[in-house]
Amino acid sequence: GESVGLHLPTLSVQEGDNSIINCAYSNSASDYFIWYKQESGKGPQFIIDIRSNMDKRQGQRVTVLLNKTVKHLSLQIAATQPGDSAVYFCAENRGTGGFKTIFGAGTRLFVKA
Amino acid sequence: EAEVAQSPRYKITEKSQAVAFWCDPISGHATLYWYRQILGQGPELLVQFQDESVVDDSQLPKDRFSAERLKGVDSTLKIQPAELGDSAMYLCASSHRKENTEAFFGQGTRLTVV
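Residue numbers (this note's numbering), protein chains in the order written: chain A, 188 to 300; chain B, 44 to 157.
Please note that a few of the clues may not be correct.
List of simulated lysine-lysine pairs, DSS-like, C-alpha gap at most 25 angstroms [said to hold, decoys possible]:
#, chain 1, residue 1, chain 2, residue 2
1, B, K54, A, K229
2, A, K243, B, K141
3, A, K287, B, K114
4, A, K229, B, K141
5, B, K114, B, K141
6, A, K287, B, K105
Sample of chain A residues at the chain B side, in silico, Cβ under 7 angstroms [to be verified]:
#, residue
7, G230
8, D236
9, F276
10, F297
Derived from the structure by calculation, the hints contain no laboratory data.
Cβ atoms here follow ideal geometry from the backbone N, Cα and C, with glycine treated the same way.
Make the full structure from the sequences, and use the hints.
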């Protein structure tokens, strides 16, 4: 079936370094791709989204890249901080019907001080 | 800052018992979602409401799960009877409109079925 998946379950980076979290998707019909951050004991928190007709979008310290040729999505976090430690989910938002958001399994990011 | 409220935060119930979760979305948000998150996995959409109407419940196990949003504001998710495999985090989220990609999540209800 169609799914959103992640390449690595965990990522460990040094504080101050840049982080890159990758995601593969299979549904070419998705309208938007979204990144969420989930800290322990909390619900997911929206980070940034990108429309399917774009290939790059920047936010505050974060950049999302979309490569539709290979169906790959990445989240880049600049100058990673301890507060960035969390599980990161990529999700796709399909516009048919109720704009259903489908989440992938997640990547846990550890930031070493 | 407005938040999505969920209660209870934690619930322990015996299998075959009934259990209910409550969610109060951010004021003015027309779209409400219930997700189930098993430990180590991403959230799975159970049901989506637009105002008081169900938009998508294709993943809701309707033999035991029910959801309602009678006045288009707060919502209740019920499980009857609960099974051991229902142990999970149940997350409620809301968005201003169904077209919005940004959903605001509550802290969830952690259900343990024993």
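Tested hints:
Distance check on the hinted pair: K54(B) and K229(A) sit about 16 angstroms apart at the alpha-carbon level, within 25 angstroms; holds. Between K243(A) and K141(B) the CA atoms are separated by roughly 24 angstroms; this keeps the pair inside 25 angstroms, and the hint holds. Annotation: proposed proximity of K287(A) to K114(B) holds, straight-line Cα distance about 22 angstroms (limit 25 angstroms). Between K229(A) and K141(B) the CA atoms are separated by roughly 23 angstroms; this keeps the pair inside 25 angstroms, and the hint holds.
A distance of roughly 17 angstroms separates the Cα atoms of K114(B) and K141(B); the hinted pair therefore holds under the 25 angstroms criterion. Restraint check for K287(A) and K105(B): satisfied, since their Cα atoms lie roughly 19 angstroms apart, inside the 25 angstroms limit. With a cut of 7 angstroms, the hint placing G230(A) at the interface with chain B holds, because the nearest CB-to-CB distance is about 3 angstroms. Because the closest C-beta pair between D236(A) and chain B is about 4 angstroms apart, less than 7 angstroms, the hint holds.
Because the beta carbon of F276(A) sits about 5 angstroms from the nearest beta carbon in chain B, less than 7 angstroms, this interface hint is met. Against a cut-off of 7 angstroms between C-beta atoms, the interface hint on F297(A) is violated, since the closest Cβ of chain B lies about 16 angstroms away.
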